[in-house]
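Reminder that position 324 of the sequence shown reads as 309 in the working numbering, one-by-one numbering, no gaps.
Incorrect hints may appear among the rest.
[Unchecked claim] As a list, the in silico BS3-like pairs of lysine-lysine whose alpha-carbon atoms are at most 30 angstroms apart:
no.	residue 1	residue 2
1	K447	K351
2	K20	K9
3	K445	K351
4	K271	K351
5	K119	K271
[Stated by the list, open to error] Derived DEER-like restraints, expressed as beta-carbon distance ranges:
no.	residue 1	residue 2	range
6	A352	T268	17 to 23 angstroms
7	R296	E276	41 to 47 angstroms
8	S359	V466	30 to 36 angstroms
9	D294	V471	35 to 41 angstroms
10	E355	A111	44 to 50 angstroms
11	D301	Q463	20 to 26 angstroms
12	M114	G408	44 to 50 angstroms
13	S359	E276	22 to 28 angstroms
14	G392	D451	39 to 45 angstroms
15	F261	E337	24 to 30 angstroms
16	E457	L257	21 to 27 angstroms
17	T330	T286	29 to 35 angstroms
Treat the hints as calculated values from the structure; they're not laboratory data. Quick reminder that beta carbons are idealized off the backbone N, C-alpha and C, glycines included.
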Amino acid sequence: MATDSQSDRATRKRIRARHSKSRKGCFTCKGRRVKCDEIKPTCGACALRGEPCDWPAETGSQGHDTPGRSQAGSDRTGRAQARRDQPKSGPSPHALQFDIGASDPAGGGWTPRPGQLNMVDLQLHAHFMLHTSKHMSLNPRRQRIWETVVPRFAMRNEALMHLLLALAGLDYASDWTADQQLPRVSPDMESQPSPAIGDPEHDHTLDAAYLQIIVEHHQRGLEAFRTELANLSSANLNLVFAGSLMLVAFALASLRIRNLSDAHSQPGQPRLDWIFLIQGLCTVIKQNWPELRMGPLRDMTQYSYANDDWRMYPRDALCSVSVSVRRGCSPRLLAFYRGADDALTQLVAYHESLASRQRQILAEQKAALELLESMYMRALSVVRFSDEGRESPCDVQADLEDAALIGWAEFLPEGFLDTLAGGGVCSTLSYVILAYFHLLFALLDSFWYVKGGFDGEIVKIKALVDTSGEGELMLLMQWPVSVIAVDHDPGSVIV
């Protein structure tokens, strides 16, 4: 707490030092006799203190200010200050699309009467504290963030609390999507305790009304989060980062439920909305990286194996399957390890065979393939050279987590997603490349929020490629499909 207080004081001093003297500040700053940076609708000082920011009515030029020169200078100063205090955050994130059947659009869940506790929300909060927060990371430092820092932030920010409850709801629901059956019975959470604090043998199934509660929390949280994002400053930067982490986890976790909905109607197109969401949120992170690296969430920015050390080793050394390599590997991870290099080589060779077609598309695909190679070789390097004392798949996956494999969507070339449109062989190849990226998520089956969802996306892409009739691309899809077909029971270990 003392450190946070010192950090806040240092932040206030830095912000005040930048402000120029002004007679046109907000009423709040005038009343406190502090300098105002004149950023509207909320100035930096009021944003830091969380106070209302009221402004005098707009008037013409006053005193000896020259209308043209002085106002232009003020505008330039204001725009420069806005760029510093409110970094560009890209497009405002959009809510993910859910098909929750014939549920009541007003919300079919239990609604408390005035003065009555919302037992559903209390159950979801308890589930997050007792279960969800403990299964968001295999790294002790990052797990501590989820267990302590994120809940503390959510307790003082309504947007984060909605996002936290939505994420807990998906975790609660995830146990009932593994058997490929839609939840059928609404959880009367007044009488049925959640599995986190109740009888683990109790039969809990969930219906569309419960999904409506989850989606409502997601949408309300996202709406409030957009406001925080639009007023980004040093005062709320860490709150926005925490919200971004929960939004990304929710987007990944939602794939399984949304794919299940597709399966009950007809197979849908591979989903891309979660990639756009991640790329937009990462703009905030990139532009504020130094400050985040020193803040209370700094452990979420540090990954030991997120590097290119694999380039120091001969390719053959990365791909040799020794006894030490097999130790602790799940069958699925071992299947990936054995075939990744050959499959990647064949994919690159096919791309190069298209050199005479659509150069711009090929350039985007080449950049994506270079990223894919880096991620695959990083994964192989972790399996080959990380601690040989590991004994379980969780030990290996903790190292894979530290390789930041989950972050590939952030670095995907800007124009690559555009190459998915238009049809034809080049578009279909881009979907195959995307399936190879999805396979990285499919390896991380110790993480509830990615388990199963990307298997479904790979299956969708296979169906799309089969429809194209492109024989070589159909062959290239056989390997990722064969990997996800391998048993990935966390209890299965190759020794």
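Hints violated by the structure (numbers, ascending)
Checked against the structure, the hints that fail are numbers 7, 8, 9, 14, while the rest are satisfied.
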